[in-house]
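Chain order of the listed sequences is A and B.
At position 262 of the first sequence the residue is numbered 261 (numbering that gives the first Met the number 0), and the sequence of numbers has no breaks.
At position 89 of the second sequence the residue is numbered 88 (numbering that gives the first Met the number 0), and the sequence of numbers has no breaks.
It is worth saying that the hints were derived from the structure and are not from the lab.
It should be emphasised that the depicted structure is a prediction, and the values quoted were computed from it without experimental measurement.
Worth double-checking, as some hints may not be accurate.
Claimed, not checked - With a straight-line Cα cutoff of 27 angstroms, these simulated DSSO-like cross-link-like pairs (lysine-lysine) come out:
# : chain 1 : residue 1 : chain 2 : residue 2
1 : B       : K117      : A       : K472
2 : A       : K445      : B       : K2
3 : B       : K2        : B       : K244
4 : A       : K472      : B       : K110
5 : A       : K456      : B       : K135
6 : A       : K427      : B       : K244
7 : B       : K109      : A       : K445
8 : B       : K117      : A       : K456
Claimed, not checked - What follows is a list of derived Cβ distance ranges for each label pair:
#  : chain 1 : residue 1 : chain 2 : residue 2 : range
9  : A       : N281      : B       : K2        : 46 to 56 angstroms
10 : A       : H73       : B       : Y85       : 31 to 41 angstroms
11 : B       : G12       : A       : A423      : 50 to 60 angstroms
12 : A       : D83       : B       : E11       : 51 to 61 angstroms
13 : A       : A423      : B       : N5        : 48 to 58 angstroms
14 : B       : E51       : A       : G403      : 41 to 51 angstroms
Yeah, the Cβ is synthetic: ideal placement off N, Cα and C, and Gly gets one too.
The chain contents come next:
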Amino acid sequence: MSNYTENELAKDLEDQEYEFGFTTDIESDKIPKGLSEEVIRFISAKKEEPQWLLDFRLDSFRKWKEMIEPEWAHVHYAKPDFQDISYYSAPKQTKKYESWDDVDPEMKETMKKLGISMEEQKRLTGTNVAVDFVMDSVSVATSFKSKLKELGIIFCSFSEAVQDYPELVRANMGTVVPSTDNFYAALNSAVFTDGSFCYIPKGVRCPMELSTYFRINEGGTGQFERTLVVADEGAYVSYLEGCTAPQRDENQLHAAVVELIAKDNAEIKYSTVQNWYPGDKNGVGGIFNFVTKRGICGTNSKISWTQVETGSAVTWKYPSCILKGDNSIGEFYSVAVTNHFQQADTGTKMIHLGKNTKSTIISKGISAGKSQNSYRGLVQIHKGATNSRNFSQCDSLLMTDECGAHTFPYIECKNSSSKIEHEATTSKIGEDQIFYCKQRGIGEEKAISLIVNGYCKEVLNQLPMEFAVEAQKLLSISLEGSVG
Amino acid sequence: MIKINNLHAKIEGKEILKGLNLEVKAGEIHAIMGPNGAGKSTLASVLAGREEYEVTEGSVDFDGADLLEMDTEDRAREGLFLAFQYPVEIPGVSNVNFLRTAINETREHKKEDPISAKDFMAMVREKSALVELDAKLASRSVNEGFSGGEKKRNEIFQMAMLNPKLAILDETDSGLDIDALRIVANGVNTLKSDKNATIVITHYQRLLDYIIPDFVHVLYDGKIVKTGTKELALELEEKGYDWIKAELAN
């Protein structure tokens with residue numbers, strides 16, 4: 000029996016290109032590299048922002064200058080030179096798109112390649128995803144806006160929200176992630192350019208999935224978007240977020256802030272499929288993904304984070320829940336895949352403040368190549384959070400002998416009526432399992448995909464249908480040729 | 000169907016098969032018996048294409064093709080099935096999803112269209128009844144949390160679904176109680192036709208009360224040393240293997 004196919008196949012796949020590595024050739028408005036008060040004033044003026052927002056930015060910038068880049072994460076990388084980044088890049092098209100027909104054909108082509116076919120969506124009735132597309136620094140198209148408006152739901156770009164709903168933005172922005180929260184959150188607060196804003200009024204159940212698609216296109220830029228989702232009392236929304244970037248030799252910085260506010264009896268489900276360019280097989284290039292995501296729960300409310308992380312050279316991300324209201328629920332479901340030289344330090348924080356609060360953490364890490372994959376989580380139960388409960392499960396799957404999986408669980412409990420459970424496993428993908436599949440006629444790549452998807456099932460089940468299929472495909476692509 | 004000629008194989012430098020010859024024709028059932036360490040499971044593994052084993056000499060013709068040149072998955076797609084002695088658990092992957100993938104990979108290999116969901120489910124119902132496998136097990140994760148007997152019945156269920164030309168049952172009787180043994184044997188007998196063949200590897204004569212072999216071979220020290228009919232199995236049961244060893248020594 001020849002071993003030729005396997006080696007050949009592994010090599011072919013290693014050289015296989017990142018599917019979304021193309022760039023779109025559209026003229027853009029990009030300011031020179033560098034970060035200063037002037038740059039911030041420029042961004043704010045460009046976006047015709049009110050004074051309070053400029054003040055918020057400048058205040059954040061001053062504080063950021065005093066802060067030190069965190070080093071506690073289990074990742075190693077050359078620190079970005081913050082003066083070597085352009086902080087504003089926008090596709091050159093000054094007027095806001097009124098309808099889909101106004102969108103630049105090049106841009107439409109980009110979206111088509113990314114699988115976001117709004118045209119198709121427009122045609123089909125009964126579709127249930129509304130999309131906001133953010134390229135580089137600005138939001139370029141939001142679909143279904145009018146339909147949502149009938150229900151009083153606001154779903155628009157962050158910039159538009161600042162213009163049209165300044166009070167709503169002002170009252171909520173920075174309340175969950177203060178500008179001084181951490182180094183990257185402060186940077187974002189100073190220079191953020193766009194993002195998505197969503198407000199669901201009292202008692203309204205959003206009838207469709209709301210989705211934002213983030214895309215870094217320009218070289219030498221960073222992407223700093225902000226997302227703010229507010230579900231008023233008794234409201235429900237399911238929100239999806241997808242990300243891709245072109246293939247470049249440089250490391251590009253993505254430092255986002257996401258804030259979720261679930262008022263009493265509200266529920267927010269936030270799903271992410273993160274597929275930023277991970278760098279090549281030698282670890283050159285790729286996105287630095289330094290993201291702060293946090294939600295706060297009112298009484299009887301629920302926030303559920305689901306993430307499938309396959310991209311980025313370095314990931315530093317801890318979607319968290321502050322369970323402030325009594326009986327509130329926080330959930331975190333995560334699949335993090337690292338291959339080649341990728342590094343991920345990701346997990347969650349569950350802060351129990353209210354009585355009878357509950358949190359669930361299911362984390363599945365998959366490491367391949369020479370990558371490092373860490374779970375870092377904090378479960379903190381405060382004194383007043385009586386009868387609180389947490390269940391954590393952290394599993395790690397190793398595909399090769401050269402990769403690493405690490406778990407850093409922090410647990411703090413300050414009352415005796417609460418209950419915390421933590422389970423963890425580490426396993427290597429079984430040669431026996433692969434052989435068993437092959438003996439049934441299933442090829443190696445398909446076998447790995449089957450086994451890995453089975454391993455991640457609990458998390459993938461949390462994703463909305465459309466996303467789950469995409470995520471499964473992504474997992475298979477990320478791990479092709481990875482067993483060693 | 001399959002013709003094994005002077006097969007030598009080793010694992011970790013140790014030679015296990017030392018010139019094995021065996022021919023199985025369509026429509027036949029062959030039993031391979033032998034003491035521990037004789038090479039019975041090695042034979043099954045080598046035929047299925049387990050990579051840890053290195054074939055150093057000999058040839059295997061499988062229905063006109065050179066079996067040893069084929070990848071593991073292609074051997075399966077061409078109709079070679081191994082019922083595992085220790086079936087593997089695959090958490091999170093449902094039995095039906097697993098089988099549907101297997102069937103469709105085989106169909107794709109043969110340039111056929113994927114099986115329709117309706118036909119597939121009808122087949123699941125029909126074949127699971129054959130081994131009295133609870134329909135619930137069909138939708139559970141592959142072998143996860145199955146009892147020993149359920150795992151073995153699941154192997155025969157998979158065999159029924161995949162409809163192989165040549166099935167190799169590696170100690171399928173081990174760990175089965177008498178009822179499960181009867182069910183498994185009944186499944187194998189029902190699937191028997193003049194177009195397929197079965198190799199039954201077993202320690203004990205017991206299974207051969209239910210699956211009647213056309214030939215019984217004794218495998219000892221990496222070679223087939225004696226071939227007979229089902230009476231040979233009874234003789235082995237009664238007298239053990241020592242008399243064969245003694246015969247060989249002379």
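Going down the list of hints, with the structure as the test:
no.	hint	result
1	B:K117 x A:K472	holds, 25 angstroms
2	A:K445 x B:K2	violated, 31 angstroms
3	B:K2 x B:K244	holds, 26 angstroms
4	A:K472 x B:K110	holds, 23 angstroms
5	A:K456 x B:K135	holds, 19 angstroms
6	A:K427 x B:K244	violated, 42 angstroms
7	B:K109 x A:K445	holds, 17 angstroms
8	B:K117 x A:K456	holds, 24 angstroms
9	A:N281 x B:K2: 46 to 56 angstroms	holds, 49 angstroms
10	A:H73 x B:Y85: 31 to 41 angstroms	holds, 37 angstroms
11	B:G12 x A:A423: 50 to 60 angstroms	violated, 38 angstroms
12	A:D83 x B:E11: 51 to 61 angstroms	holds, 55 angstroms
13	A:A423 x B:N5: 48 to 58 angstroms	holds, 51 angstroms
14	B:E51 x A:G403: 41 to 51 angstroms	violated, 26 angstroms
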